[in-house]
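For chain L, the structure is supplied; the task is to place chain A on it using the hints.
Chains L and A supply the protein sequences, listed in that same order.
FYI, in this note's numbering the residues of the first sequence are 402 to 1004.
FYI, in this note's numbering the residues of the second sequence are 402 to 1004.
Just to be clear, a hint being listed does not mean it is correct.
Any copy will do: because identical chains look the same in the list, a pair fits if it lies in one copy or spans two.
[What the hints assert, rightly or not] Distance condition first, Cα-Cα at most 20 Å in a straight line; then the derived SDA-like pairs of lysine to any residue:
| # | residue 1 | residue 2 |
| --- | --- | --- |
| 1 | K977 | N897 |
| 2 | K448 | E781 |
| 3 | K685 | N452 |
| 4 | K732 | Q569 |
| 5 | K656 | G471 |
| 6 | K451 | T876 |
| 7 | K656 | G818 |
| 8 | K732 | Q914 |
| 9 | K977 | G893 |
| 10 | K873 | E404 |
| 11 | K996 | R721 |
| 12 | K413 | L443 |
| 13 | K873 | D915 |
| 14 | K983 | S668 |
| 15 | K987 | P886 |
| 16 | K987 | L916 |
| 17 | K732 | G623 |
| 18 | K656 | D823 |
| 19 | K880 | E869 |
| 20 | K873 | G681 |
| 21 | K642 | L558 |
| 22 | K480 | H904 |
Since the hints were made in silico from the structure, they are not lab data.
Computed from a predicted structure; not experimentally measured.
Protein chains: 2
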Amino acid sequence: MAEQFLSERNLKFLLYEVFQAENLLKYPRYAEHSREVFDMILDMAMKMGKNLFKPCLSEMDKIQPEYINGTVKVNPVVKTIMKECGEGGWIAAQAPYELGGQQLPHIIGLIPLFIFGAANYSASVYPMLTTGAAHLIESFGTQEQKDYYIPKMFAGLWQGTMALTEPQAGSSLSDIATTAEPTTHGYYNIRGQKLFISAGDHDGAENVVHLALARIKDAPAGVKGISLFIVPKYRTDENGKLISNDVNCAGIYHKLGYRGAPITQLSFGENDDCRGYLVGEPGKGLFAMFQMMNEARIEVGVGAAAIASAAYYAALEYTRERPQGRAITAKDPTTPQIPIIEHADVRRMLLFQRAVVEGALSLLMQCSFYSDMEAVTEGEERQRYNLLLELLTPVAKTYPSEMGIHSVSQGLQCLGGYGYCDEFPLEQFYRDVRIHPIHEGTTGIQGMDLLGRKVIMQKGKAFTFFLEEVNKTITAAGKDIELKPLADELAGAMENLQKVTAHLIGIAVKGAQDLFLADATLYLEAFSIISIAWQWLLQGIALREAVNKEVKPNDVNFYQGKLCAMHFFFEYELPKIQGLFKRLLKADGLTLAMKSEYFSDNA
Amino acid sequence: MAEQFLSERNLKFLLYEVFQAENLLKYPRYAEHSREVFDMILDMAMKMGKNLFKPCLSEMDKIQPEYINGTVKVNPVVKTIMKECGEGGWIAAQAPYELGGQQLPHIIGLIPLFIFGAANYSASVYPMLTTGAAHLIESFGTQEQKDYYIPKMFAGLWQGTMALTEPQAGSSLSDIATTAEPTTHGYYNIRGQKLFISAGDHDGAENVVHLALARIKDAPAGVKGISLFIVPKYRTDENGKLISNDVNCAGIYHKLGYRGAPITQLSFGENDDCRGYLVGEPGKGLFAMFQMMNEARIEVGVGAAAIASAAYYAALEYTRERPQGRAITAKDPTTPQIPIIEHADVRRMLLFQRAVVEGALSLLMQCSFYSDMEAVTEGEERQRYNLLLELLTPVAKTYPSEMGIHSVSQGLQCLGGYGYCDEFPLEQFYRDVRIHPIHEGTTGIQGMDLLGRKVIMQKGKAFTFFLEEVNKTITAAGKDIELKPLADELAGAMENLQKVTAHLIGIAVKGAQDLFLADATLYLEAFSIISIAWQWLLQGIALREAVNKEVKPNDVNFYQGKLCAMHFFFEYELPKIQGLFKRLLKADGLTLAMKSEYFSDNA
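Only chain L is shown next, with the shape it has when bound in the complex (with noise of 0.2 Å):
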């Protein structure tokens, strides 16, 4: 098994030389930490990592979750997870002081959760998914929710999952159909069905508490008509003991991969006696939880970058162990192989996983930038830095979900043979990644919401914005000599993408709607490449100033590397734009033109 499974030299390089996290430190809000804090909460989430997350990866792959009399039994480190995720104070890292928090900025948040996600994705679930729903509760819940919820949640005792799906309502939220009729007692009484939902039942936690969407009865259609509930699987009776609440794990998924997860189907209310407990305003309950479905899509994107990290530095480790064939310029037989890595296209195989999960893995530090300074500004600033979070959100879901995928493939790849059999752990990376682009909303509904919503809205507000961030990138690079020809290539791109959206907005104007987001899923590629392009430039600044400074010498080949995994995207990558940029200048509708009954062999 592999030794290292990411690159803490490059989360350092990230957080201080590119984002600058210390700069956080002079708001108010994040004063009391320092530095030091922030280095030791790296050192503490690799140590956990180390000790805690990886050492059960391939076990709970193989060992799976069993659905059995109702419950679900899951590895037993689970409990010691959950339990040492709540007594760390991973579970509420972020949380405010006053909640038993520890008031971190997201960007800091970020290093466990990438940490944890590589080590062992399932495992990093359970924790992560009762901070989202922790946080739900404290942003809409009543004070009352937060002191009876939130403590237990927070001491990983009480797993938190969202409960959205439903047999008819997977992508298409507007028709979820689990009802919620009113009661005197200030409950609801819940009845429905839920289907894949993570992490909804197991054995490790004592009690499940469903941040769940329903309808109170005689609400509109639509997502007018949908409300926020609690809905835990046990409720306290009048004398403070837990005791069912009518909610019932009706079986578990067998997954390609993610296995260490158990992905339930649940069923809310069969007995009629279960209770839900309305969060926020009635009605509003898909506007709350696109506050955890936000987070969850830059949680998809962490935990998508942070297995195809683990991939990339397996399949590094075999690369330079495997001898296998001699350089092209010396054939001779009777000489000893070389590494694999020494050979020119597992190199670009190796550079591309790089330039993958360290492009991938600064924009989502970007988000997670964007997310602090909202928290620590006002007005128009915090607006803006609002704006560029939620444009940027359906990128940094999707583009480490997909290009995880070919990442991760690659290292398979790398091992030959072996990286199909399970002596490695590449196959079950490359199992467990292929969720990411379907869960938390498809790759389909992320480049909608890109073109459909996020790039008009305000009258392309967010798009300016994001116009000004990547141009001030530019503008920088543009004064050094090395950097000076990528940021060229990337105003060109620049200019590129505005005229395609400029032509795709034309094609709204004239009320083709249909035909305006035909291809939504291709511009959100196009967007991404060059986000991430941006990314690498940004990064390239950062390592221009610190080449020429004096390069410690233990800093030599990172450095070196970075640059050339930053060549790599430019020469490798960004060009895949043209092609995207043809195809979408097109915009002939032949996907609208292709009749269904077209795909039938006759009549």
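Below, chain A alone, put in the same frame as chain L:
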């Protein structure tokens, strides 16, 4: 479970409307066949696929081969499949009459391969390997060897394998170390280890006949010292009784997919009693084995396209049945949801799969057609077909393998969360198809084969023939009003391909072999996309001919759908060459400059 796993209509379209397989009947070799025979073969193969191969698809995945006491226990259906493939003449389909074969053209022989592979790839491998191994004996063996082995193999009683890979020699065949020590009895004593041998041992066959590479004692180092041997699991003693030949199965691999076929580790001569029988001349083993390898590469392409076909039809069925969401232009939540096939992005994913599957299949048929023409022509004409086949073999292996992964992944994506669960077959297809870019020469090896060997061999003769073939299609298509823009597009692409090829050869001429081949994988990718565009244009000519006549009502959807898929390929896939060519023209040696230590975080 999805019913349909391939399109018979499309198979007939390719066979008769595009490649006009009936024209082969005019050659003496195939004169005893007829269109009726071809149709009957298709019908019978479909029945076998549906009734024998398909029903055990999931079971063979879930209940894997077991290694017990030195032998491999497989699903009992394997024995039935081998027997029925023997008795039905499928193993010997293309072998000459005098050996008990049916002497069918390769283009017809490809039909059962594709059908069985789409129904159950793992199961299809047992007879397929036996065919290839028998063909090797047919081509290079002695009469005695032919008489002894081939009837048993054609009957499906004895399994054939290709035994190349060794612990230290996977992609680097010149490092094969298995030894063959001559004896005075005509046989050789074999000693060595073989890894990753498909169907290398199992209880579904009475014997296993390994076509193994080994090095005769004192042979020169490198490929020139490699000879080919038959190494049976059991040999006959003087009484004609089968006795152990000291071939020991040391274990099997647990794999991501392709689980129905055991991939074995073999040990020859642990007790100094393993006899090998030389096939062909000493030192010419690799040359001989290349026959089987080249056939196997085409078969890998067929297998990959077949799995992608099955995934496509499973996805198609789901998208027609699953209601979710509403048209973009009709968001009223009280209206019923529509089947997801009505969403443009889902159709895009379906068209992508269809364009990949049917484009790949067409190229594979093209290769079979060249193979058939090679068999019935002579002199320069024969050489032309031979070179075209040689040139296109790495393409026909790699395009379906690499794009098959993406195609199946898009199929899985069509099912959302269900695609990730084992209630539907997509997750299995996703695992199964991943083997193809690895076995029979990785994609990296194929890229170097194409650019470093095939394109430049005989002063670029094969490449010139390829240009002529594509140009013939462009000229013919240019006469049709609908195809003209596509023909122009392809002509432009071909011009760029020549430019890039000349640029790269220029580098080689200057002696920079490593730089010449550094991006060979990208070159293969671009070459492949263009080859598939060519095949779609070729299909387009047949399609337009058909629709310009009176179309049977039953065929309207089929032709319309194919035309859409053709346009899709030109609109969405062909533009990808732009980014690839941009990179290939640069050839800055980025991956050569990246030293392996730059992948380290510290000095």
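Exercise. Go through the copies and call it for K685 and N452: within, between, both or neither, with a Cα cutoff of 20 Å.
Key: Cα proximity of K685 and N452: none, with 42 Å in one copy and 54 Å across.
Quiz prompt | Intra- versus inter-copy proximity for G623 and K732 (alpha-carbon distance at most 20 Å) | solution = Only across copies: K732 and G623 sit 9 Å apart there, 68 Å inside one copy, limit 20 Å.
Quiz item: At most 20 Å between C-alpha atoms: does K732 with Q914 qualify within a copy, between copies, both, or neither?
Solution: between (59 Å within a copy, 12 Å between copies)
Quiz prompt | Copy assignment of K880 with E869, given that the CA separation must stay at most 20 Å | solution = Answer is within; shortest intra-copy Cα gap is 17 Å, inter-copy 49 Å.
Exercise. Tell me, please, which holds for K656 and G818 at an alpha-carbon limit of 20 Å: within, between, both or neither?
Key: between (23 Å within a copy, 9 Å between copies)
Quiz prompt | Intra- versus inter-subunit Cα pairing at 20 Å for K977 with N897 | solution = both (13 Å within a copy, 16 Å between copies)
Quiz item: Can you tell me if K873 and D915 fall within 20 Å by alpha carbon in one copy, between copies, both or neither?
Solution: Neither: 34 Å inside a chain and 39 Å across chains, both beyond 20 Å.
Quiz item: Given a CA cutoff of 20 Å, do K448 and E781 count as a within-copy pair, a between-copy pair, both, or neither?
Solution: neither (41 Å within a copy, 69 Å between copies)
Exercise. Have a look at K413 and L443 and pick one of within, between, both or neither, based on CA distance no larger than 20 Å.
Key: within (9 Å within a copy, 62 Å between copies)
Self-check item: K642 and L558: within-copy, between-copy, both or neither at 20 Å Cα
Solution: Answer is within; shortest intra-copy Cα gap is 15 Å, inter-copy 69 Å.
Practice problem: First find the shortest C-alpha distance between K987 and P886 inside one copy, then the shortest across copies, and answer within, between, both or neither for a cut-off of 20 Å. | Solution: between (29 Å within a copy, 14 Å between copies)
Practice problem: Check K987 against L916 for me: Cα-Cα at most 20 Å, and say if that holds within a copy, between copies, both or neither. | Solution: Intra 11 Å, inter 36 Å, cutoff 20 Å: intra-copy only.
Of the numbered hints listed earlier, those contradicted by the structure are 2, 3, 6, 10, 13, 14, 20 and 22.
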